[in-house]
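Residue numbers (our numbering), protein chains in the order written: chain F, 1 to 86; chain E, 1001 to 1473.
If you are wondering where the hints come from, they were derived from the structure by calculation, not from laboratory data.
If you're wondering where the values come from, they're calculated on a predicted model, not measured in any experiment.
Mixed in with the good hints, there may be bad ones.
To be verified - If you want a taste of the chain E side facing chain F, the calculated C-beta under 7 Å gives, among others:
| id | residue |
| --- | --- |
| 1 | Tyr1058 |
| 2 | Leu1171 |
| 3 | Leu1219 |
| 4 | Glu1221 |
| 5 | Leu1231 |
| 6 | Ala1235 |
Said to hold, decoys possible - Here are some chain F residues the structure puts well away from chain E; computed CB gaps all over 12 Å:
| id | residue |
| --- | --- |
| 7 | Asn2 |
| 8 | Gln3 |
| 9 | Val50 |
| 10 | Ala66 |
Glycine included, each C-beta is placed from N, C-alpha and C at the ideal position.
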Amino acid sequence: MNQANRMISLLLVLQVFSTGFLWTLDALNQVSEGIFALFVAVDLLAFAMVSYIYRAEKLRASPSRAWVLVGCIILIAIVFASLAIH
Amino acid sequence: MLRPAPQYSVNPFYWLGALTVVAFVIQGVTGIIMMLYYIPSPTQAYSTTQYIFQNVSYGRFLETVHLYTAYAMIMLAFMHMMRNYFVSTHKKPKEIMWLVGMGMGFVTLGFGFTGYLLPWTVVSKSATDVGIGMIDALPPPVSSLISFLVVGAGGDATELLRFYDLHVVVLPAVLLVLLAVKMYMLETHGVSEPVTGREPLPENKTRLVPIFPDMSLYLLELAALFGAGMLLISALVPLNLPPQYTPELAAQTAAQPDWYFLWIYQILKISIFEQSGPLGQAALTVALSVVTLIFILLIILPFIDRGPTRRISKRPRFVTVGAIFVAELVVLAIWGYLTPGQTIPVEQAALVLGGIALVIAALSLGLYRLIFPRAAAPKVSAKPSIRTAQLWNGISFAALCGLGALAIGASVDASVKLVLGGVSMPLVEYLVISILGLGLILIGTAYLLYRSDLGSGQIKRRVGAFEIGWSEE
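Sequences are here, hints too, so could you generate the full structure?
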């Protein structure tokens, strides 16, 4: 498995985790509403990264390390911020 | 079948319109869910909105996302319009596409105007009443037609129902029809080439990319990033419902429209337009006519800007006017936000708006001379040292323009204080120093422009004092 595939696998696992986490939230609580928004944002960001890596691989060009790094940092920051609030 | 798109369109600036549609789709989904609970009547509009906030699962989140995406939709539509203006995609053969796009822009503003009233809060009702009041100042046939459309027979109940119908039925239907027309035209004409000045474009930029799956995936990526951004903002700044509208509470609240109409609001707050009696009514009509004229000029732009070239380097006047337009809108909106309910003296308005136009025009035209010094001359490859010199000239010029703006501001400030507060020695000194500073900055700017033009051989009258250290070699 090459580096891109490993990255895609990790992002898909993160998406499954964050989607599952959404079901544990109290839908009428204001704090939970914020966490819900953050985890849906995590899902969307992960999807955008998967799509970006897939497109770059298809063109036989490696995805920009800078963009992937920025995406990973934002994802980690949101996940930890959400868990801290929770 | 959708045609493949060239590689150069894999760029977010080419997808601002598509992102506006994405925002519209999010609006549709969140709006339909809210429609299940909302009742458009003056007695129940606020309580049902409050119910959504407090009792519906993720109700506050829905309301917040709906509002922020509406803001984003208006901002994206404006950015799309201005981007098309600056890169001239409104020119032949795409004039009708521009007209359709303008129609979509007005519908988007209509969404904002009609949707603002629906929660029936004191802020939204008061601001909408001000907006409806302005309709009466328009010429009679226009005001009657618009009043009939948006207010109906009169009264709160009819008004709210009309706004609701427009917001959830009429405007979405009109937008979908216009969108279909625009998509058809886009398929017919294709996307515009970038105006890089390095035509023909390299082969890797013109390579065609299939719509499915590559371009669709790219659009989905942008949509996902946009959605994630909206969700992050919604999570960080959740919406709070303002108090319910009552005439008593409205009397204590300064009516202020949402940010996208603040520029009009600020224009109408200029003292000359706020007079009472027939003179004031006439002045208000003039003010609204000016606003209408701005919109008309934007609509008929493809028939005014008919030059064959699309290059920014060859359109200094239109680019400068566009830059002034954007700067004035931003300044008016911020100024309106900072001064709710305050009347603006006409001299102050003239000085601020005129000063901004002057500074932007000087900055734009000066930068044109520095960035495109020999746009019309045959291409020569500049040595790196000349390029570096031009860069330094550009930076110095921008710095001088910034200082010039400050000096103009100080001169205006001193003049206004002298007129309003009477003559005093410190104020006179302040005025003299600021005018002297402005004079020095103007001389510095002229010097820089002269030096930057020395190498071009285009200077008709040489000034020896400006050529110290200059060698003809």
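Here is what the structure says about each hint:
no. : hint    : in the structure
1   : Tyr1058 : 5 Å, holds
2   : Leu1171 : 27 Å, violated
3   : Leu1219 : 10 Å, violated
4   : Glu1221 : 5 Å, holds
5   : Leu1231 : 4 Å, holds
6   : Ala1235 : 4 Å, holds
7   : Asn2    : 20 Å, holds
8   : Gln3    : 20 Å, holds
9   : Val50   : 9 Å, violated
10  : Ala66   : 16 Å, holds
In this structure, the earlier hints numbered 2, 3 and 9 are contradicted, and the remaining ones agree with it.
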